[in-house]
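Visitor: Starting from the known structure of chain A, fit chain B onto it as the hints suggest.
Protein chains: 2
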Amino acid sequence: MLPFDTLIIIDKSIALPVYKQIANQLIKHIRNGVLNSGNLLPGTRVMAAILKLHRKTAIAAYDELSAQGWITVIPRKGFMVEQNLSEFRPRKWDERTAGYSYNSAMPVPFYQSQLPAAPSLTPSPGFDLIIDDGHPDPRLAPLQLLNREYQSRLKQPQAFRRISSAMSQGSPKLREAMVSYIADTRGIKMQPDHIIITDGAQMSIYIAASLLLKPGDHVLVGEPGYYLANQVFEQLGAHIIRIPVDENGLVADAVEDACRKYKIGLLYLIPHHHHPTTVTLSPERRMRLLEMAEKFNFIIVEDDYDYDFHYTSSPYLPLAAGNHHSRVIYIGSFSKSLTTSIRIGFMIAAADFIRQAVHLRRLINLKGNYIQEDALAALITNGDIGRHLKKANKLYLERRDHLCTQLDLHLKHVVQYQKPSGGMAVWTVFNKAYPLKTIAQKAAKCGLYINNGNLFDTPENSYNAMRFGFASLSLTEISEAVHILANCI
Amino acid sequence: MLPFDTLIIIDKSIALPVYKQIANQLIKHIRNGVLNSGNLLPGTRVMAAILKLHRKTAIAAYDELSAQGWITVIPRKGFMVEQNLSEFRPRKWDERTAGYSYNSAMPVPFYQSQLPAAPSLTPSPGFDLIIDDGHPDPRLAPLQLLNREYQSRLKQPQAFRRISSAMSQGSPKLREAMVSYIADTRGIKMQPDHIIITDGAQMSIYIAASLLLKPGDHVLVGEPGYYLANQVFEQLGAHIIRIPVDENGLVADAVEDACRKYKIGLLYLIPHHHHPTTVTLSPERRMRLLEMAEKFNFIIVEDDYDYDFHYTSSPYLPLAAGNHHSRVIYIGSFSKSLTTSIRIGFMIAAADFIRQAVHLRRLINLKGNYIQEDALAALITNGDIGRHLKKANKLYLERRDHLCTQLDLHLKHVVQYQKPSGGMAVWTVFNKAYPLKTIAQKAAKCGLYINNGNLFDTPENSYNAMRFGFASLSLTEISEAVHILANCI
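Those protein sequences? They're chains A and B, same order as listed. For the first sequence, the numbering used here begins at 422 and goes up steadily by one. For the second sequence, the numbering used here begins at 422 and goes up steadily by one.
It is worth saying that the hints were derived from the structure and are not from the lab. None of these values were measured; they are calculated from a predicted model. Check the hints yourself; a few may be wrong.
It does not matter which identical chain is used: a pair holds within one copy or between any two.
[Stated by the list, open to error] Straight-line Cα separation of at most 27 angstroms, BS3-like style, residue types lysine-lysine; simulated pairs:
#1 K684 to K635
#2 K477 to K441
#3 K866 to K853
#4 K853 to K433
#5 K449 to K815
#6 K576 to K815
Just chain A, same shape as in the assembly (with noise of 0.2 angstroms):
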């Protein structure tokens, strides 16, 4: 008999049941050939006094091997390592394949292989403290609430049965919850066929740019603008016209300039908190807006993702509930209102352009967790989404004004800045005389990540600015953050 005291060695200190212990080792055996197809294995019995175990332990760990199919029982004989586990290995089709490794280049030229150059948006690890953009502060969502109702759907099985056929528009429960939820906030009256539920909000700007556009039409975003939506138009081959932003958000009149002289595609529109200079577009400008879309024929892609996030004046009405005959895409998100990996956002149209918006999606994938869209559905219809809200919005004020005094404190002759009526971030524009560039670099020396100015800058400006993201930050993580950048100056 093989020494199987040797052969077999369990550690108590980790937590992988000791039963699982012996089956993995048994197993490794089988795999290496130390236990060959045929071979009688000791019964329990014996097998639990040499590993000086009880021989409960001993059943069950054959049980799992049974169960995972490795050995059989033979009657009055005991536990044969199965006979056709050979079978199982995988087939060798071509004796040169062995040492083969992938490169670094691909052998031939690719279609899209010059993209716009992409900005990082990943700070290398090691960093102790980040400054982001503008993300949620994941601590405070409920995700352990979302994570009881994800739970207790995994524990209905015959869910399972519907869930297996493909909802590429999003759950329907979702769908409908949203109905209501949409009316509430937004004052958007539409039914669940005008909606469809994305990976993010990012998701949906992708879908209606790709059944909007084709290449070399005509796109107007603003100036300072997302970076991540002009390069979803341009890599579908549009041209983008930059239409400057002012504190009342797009400059209304430039882009009536623009649709005089073009024939414009579609409007991408950040309504609340225009990113990065997170202004607020003013109720006449909605107006005007909305009439050069009909006089001029347009459509217009409403992104309002940070409409939840307001501090010391409340939102307005987006676009979409505005006298608007389905000229407007209206776009939003719960990634902000739970954490950055929650990728659940949405698309509001008319019936038909959501029908296709469904159909590319499926090509894109198929579908999105149902389950987790499922359990969404339960904590917008039982308010726990509202009830966060309150509390973050409340906690977000208050980082928003620490941020504030610190820069007024520390930084006072280096930045520049207009405390944001909501959101979750302060654009802070640096002193030329001080490139973000160099700061990045010093900062980093010191742990702390900032994004060095190159997510913003066009070709044609250069804004030595970035968005000091405040909400995923504590009282005292921004202070410290400050505290940094004034030392790195």
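Guide: Just chain B, lined up with the frame of chain A:
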């Protein structure tokens, strides 16, 4: 004082804690203006008496209200409804908004309003039994284990600081775990910079095709083939060339002929259990395809979503494990080993291609669910995934054999099929005398959903065939489904 005993109705039969019921109803009354800014609420002792509750409950309710910012404590006066609440109601900006809602049609034609017709993958509700085209059985998947790992990560706030920064290539932990997992199971040698985690294998197909194809390019696919891949290629403006598929997979000679006629951008390949016919690509053809890729200078997109499911024969190593000089882009999925609602797939390719894939993935959907990706990494490393696959393969083998017996017993003269060596579906070709459209209609009346064949028909060919997914059905459900089909004929 207001009649709070009638204003606040407590329902002890529902799950929502009493203090939250009180808080929610008071919020409702504040919202509706029954309670106004500046109003004083009765003290906790009085309120408790009115509602006949323990004072603790009233205190908890008031704490909730002030935590949410609805009331403030006025020393020596009591609890007052916040002054500046009104500010936080959305502001209208246009009186004409009232009553406006979305249309069924977009006012302007949009570029991609004519995407290839999308066969419905979603049986409308009300079916007792669904024959899918090859989904796993979520009732077997280790979703509880995955969620335990997920849950434990939610309890580590420091982890959230890391996930706050975008991770478009997928969690480093998961990519690390994949390197050895893929080497062990598939013999593919690569490094973390050769892999990107996507939301399901479909997104990998979409991204690979978007990077490789420009409008007018020629793509080789199997006939019959995977409709959702073909639709991606068509949607990107490529010309599809359909290569016949026999019992050994793609017919290599037909591939060579096509290569002599056209410049081929890419070849889309499903080496194991070709979709829909479930055949496996033979070793000889694997070698020939790699040789042709060299000779005619094209890229092979190897979609090996079914690799983990083999019953009577073991899988061949992928082409990506062969001598491919980075010409093979390898795509796989965990949605098949877990459930289609867990959207985790991956793509392995040359590093420069993956870098561009990461950039495009960011434009489509910033990143995946990072917490879940870390949880999956743990299940891969501790062997839970491997154990689950072993168990699932045992069960799916039984289900496959049971289905084939049932087909022989009850549909022998109507249905032709080859028993598949693996995968989750049997390709069942119906006698043309019995059109699937009719059968599907009759079956629907008996509560059974089957696809009516439109998934696999092409302009050139009508197969009158469907994929009979057995993996997601219990033995009883399989018998029942076959029984209903027999009665519909």
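Visitor: Each of the hints needs a verdict: does it hold here or not?
Guide: Here is how each hint holds up against the structure:
Taking the shortest alpha-carbon separations for K684 and K635, both the intra-copy value of 13 angstroms and the inter-copy value of 25 angstroms come in at or below 27 angstroms. Taking identical chains as interchangeable, the C-alpha atoms of K477 and K441 lie at most 27 angstroms apart only when both belong to the same chain, with a minimum of 13 angstroms there against 48 angstroms between chains. With identical chains, the CA atoms of K866 and K853 are at most 27 angstroms apart within one copy only, with a shortest distance of 21 angstroms there and 73 angstroms across copies. Taking the closest pair of Cα atoms, K853 and K433 never come within 27 angstroms of each other, the shortest separation being 61 angstroms inside a single copy and 63 angstroms across copies.
For a Cα distance limit of 27 angstroms, the shortest separation of K449 from K815 across copies, 19 angstroms, qualifies, whereas the shortest one inside one copy, 55 angstroms, does not. When the C-alpha separation of K576 and K815 is checked against a cutoff of 27 angstroms, the pair qualifies only between copies, where the shortest distance is 23 angstroms, while the shortest distance within a copy is 36 angstroms.
Of the numbered hints given earlier, the model fails hint 4 alone.
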